[in-house]
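Engineer: Quick mapping for you: the protein sequence lines, in order, are chains A and B.
Under the working numbering, the first residue of the first sequence carries the number 1, and numbering increases by one thereafter.
Under the working numbering, the first residue of the second sequence carries the number 1, and numbering increases by one thereafter.
These are calculated hints, taken from the structure and not from any lab test.
Ideal placement from N, C-alpha and C gives every residue a C-beta, glycine not left out.
It is possible that some hints are incorrect.
[Claimed, not checked] Covered, in the sense of this in silico footprint (three residues per stretch, anywhere, with C-beta under 8 angstroms from a C-beta of chain B), are these stretches of chain A:
| hint | stretch |
| --- | --- |
| 1 | 49-59 |
| 2 | 134-146 |
| 3 | 168-175 |
| 4 | 187-198 |
| 5 | 225-231 |
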Amino acid sequence: MIAAGLFAVAVAVSPGQTAFARNIEIEKPISGRVVAVLSDVRIASRVSGDVVVWGGAVTFSPSGFVEGNLSVFGGDVIVPEGKPLPVRGTVSTPGTLLRLYLDEMHRAPWQDRSQGLLIRGLRLLALSVWLAVSLALLFCFASPFARAAASADTHWSSTLLAGALGVLSLLLATVAALALLPPTLAIPIAILLGSVAVAAKVFGMGALFLLLGQKLLGSVAPAKRPAALAAGLALLGVVSLLPFIGSVVWSAASVVGVGIAFLTRFGVPRFRVAIPA
Amino acid sequence: MKPCARPLDPLDAEAIASGAEPVYARDASDHTRVCLSCGRAVSEAAVLSRQIDSLGKLRDGELPAIRDGVPDLAGSVLRLRPFSRRERRDLALWKGPCLFTALLFFSGFLVLTLPGISASEQASLAAAALAPLLALLRAGSRSLAELASAWPAGLEALGQAMRREQTLGLVCLFLLAPVLFGLRRALARERRR
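Chain B with its partners taken away, still in its complex shape (with noise of 0.2 angstroms):
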């Protein structure tokens, strides 16, 4: 196709499209009808303002319809929009998932304190039920500070034993090349998608 020397302007394709009159040039009209590259760019208007129409037209929660392997405008914008403020603030949204997760947590706990659980050697009932959650709690704690006190001593250990095995290092150093020239492809790949 041969580009035009006189390109619609964008507003006025949309204007067209939409059967409104044009804002820049009067003759936009006339001249699409003889303009091919014109043509084609008031008709992806008219698609473009017709997808957008269809917002509306979708419930809330429909997949996108898929034609030609092209995601339906309207479903995407409505699959990936962020939550409103209403939605964010709506307690009926986020209650199910948060009792969910205490649900999870108790019956976790539950299987913890059943194989100790003995109502003969505690003071009480409770007592007994409380020692487990205590002791989890102390040993999340204590978790954490271990965590943060042995990684550098370990990494350094690990470092030690490594250091040793040069070979070792080559050998994944010549492997990383062609594993990282796979991966930028295929991150690549996606971005031209």
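Pulled out of the complex, with its shape left as it was, chain A reads as follows (with noise of 0.2 angstroms):
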């Protein structure tokens, strides 16, 4: 008896899930990790490992227990009302600020019933270190910011042409390299893509702001470099207030941001005149 016992428990236990682009619903104990890539996992049994989920959102049922760590990319983590969240281990949303500032001011995500004001609190905090960030670039970076800025401002075309072309190649590049490389390889090389996406990013994005500033002002002037750059954030971070449209803009500003960074080469000008000493 305790042998066919044992059997059963050993045939109802299954080894770990990995899924891509398909929804996930645990409902028997899973023994390993469960990995999901743009899907939805639904917990509604034991899960002795690790769930890892990115670009989706993870729901727990009553009878749901995740044994190891729980980490959602880009996702939701849904808890019915007024129970603790099911984890043993570690719980991780990288990127997300809400879920922690939440757990700092003891309050349960899901409690919450002013979510739309955190999020505007937050999104405020995050625009004041984008400007924070953007003058400190402005200030070792000058000149650089200044070619990006007028480069974007006489070759728009180009430019979101170029924005959108190196988004897509990185993201290609990186889904290749994940899907077809050894992950000793994959990994280093899915770090770096990103590294140079976020420097893009945060390069370009300093310039738009630069140049859209100039455009509000009506100064190219040296001068009122820092008062532009704090303008054309102001512009585009009312804008991004916005529900729906302010995310839709944000994102074309960052595809904008890239193609700048990339047709100017950060602002390193074309031709460097030598002075003899």
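If you follow the hints, you should be able to join the two separate chains into one complex; please do so.
Structural biologist: Structure (structure tokens):
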């Protein structure tokens, strides 16, 4: 009878699950890890390993439990109302500050009734960080920034095209590397490509703020660059706070920003003039 | 146009353009009257000289004038030049944007405190306002730590899922070639301008 019982348990417990663009429903205990990409996961049973989700939501049923860590990249965690998060390990939602903030305030995300206001508050804080970083970059690299803004001013269509093709190239290269190369090679390549994308976005957005501000103030004077940068960010920031349209505009601005960075090679001049000593 | 067998030295061209005596070839002025290519070099030097002269006349901050699709040299120089030492240290230039950054930060912070702030539940209103700030700082530091710790495992898991989709990888690789070609063309076209 004991042997039969052990056999039944062994049959009932399935190993880990991996899914791509296909939703997963966990209704039987799982002994390994659950990985889902562009998929939603509903957990109604015990998972012994980690749960890692990219671009999808994780929904817990009352009987769902995760023994390992839960990592959700670009997605939500949904828990039955009034229940604590049924995860024994660490819960991480990298890149989203809201969950951590609510956790620090001892307020569970699913119990909060004013999330819209909190998201706007965090957005304003993020805009202040954007402005601080852009001003610091402008202080250190004034000429490359000005050159990038001037280039985007005269070649809007090329900038947009370069941005779209640049973002697409980075995305395709990352997916191809992750799918075809061994992990020891694919992960450093993915990190490198991600870093290039982040650097291009930060530099390009700064140049875009400067350009928009210069248009608003009607001046390209070096002395007015800091004010122009702030004015450009204020304009784009106000639009970004609008529901739906805001995120669309900000995403389009990010694509343009990447285009500015690539097209101007981060504002590096085409020809260097050697000054004899 | 036939190339000149005895091309003019650029210094001589500049000298003639500005009405001065040539430095190297004494007969340079006579030569430019009969030689088309050297005459052209002198007129180009004259245009450049006029543009540089106009640098002093352009007011700081004026938008560069564009004539026949070619931006004015003086305007472009003003637009692209780095900050001077005085501008870099001038507090008046940076004060406004820095204050705006602080204003954005505190308005965001105020919006965060709004849902939770209630004087009756707290020791004081200041304590109630301080709680979200501390929570924000702690959440920020935790977020960075989380980002550092979760990314390697997350990428490894993403790789695991993606390796099961070899066809998708091949399709991406196949599409990457024309996209990279297009990007290279777009960048090269920009550099030719």
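Engineer: For each hint, tell me whether it holds in the structure or not.
Structural biologist: Taking the hints in turn, this is what the structure says about them:
Here the stretch 49-59 of chain A counts 3 residues with a CB under 8 angstroms from a CB of chain B, which clears the bar of 3, and the coverage holds. Residues of the stretch 134-146 of chain A with a Cβ under 8 angstroms from some Cβ of chain B number 5, which satisfies the need for three, so the listed coverage holds. Interface restraint, the stretch 168-175 of chain A with chain B: holds (5 residues with C-beta to C-beta distance below 8 angstroms; minimum three). Counting residues of the stretch 187-198 of chain A whose CB falls under 8 angstroms from any CB of chain B gives 3; the rule of at least 3 is met.
For the stretch 225-231 of chain A, the assignment as covered by chain B holds, since 5 residues bring a beta-carbon within under 8 angstroms of that chain's beta-carbons and 3 suffice.
The structure fails none of the hints (numbered hints given earlier).
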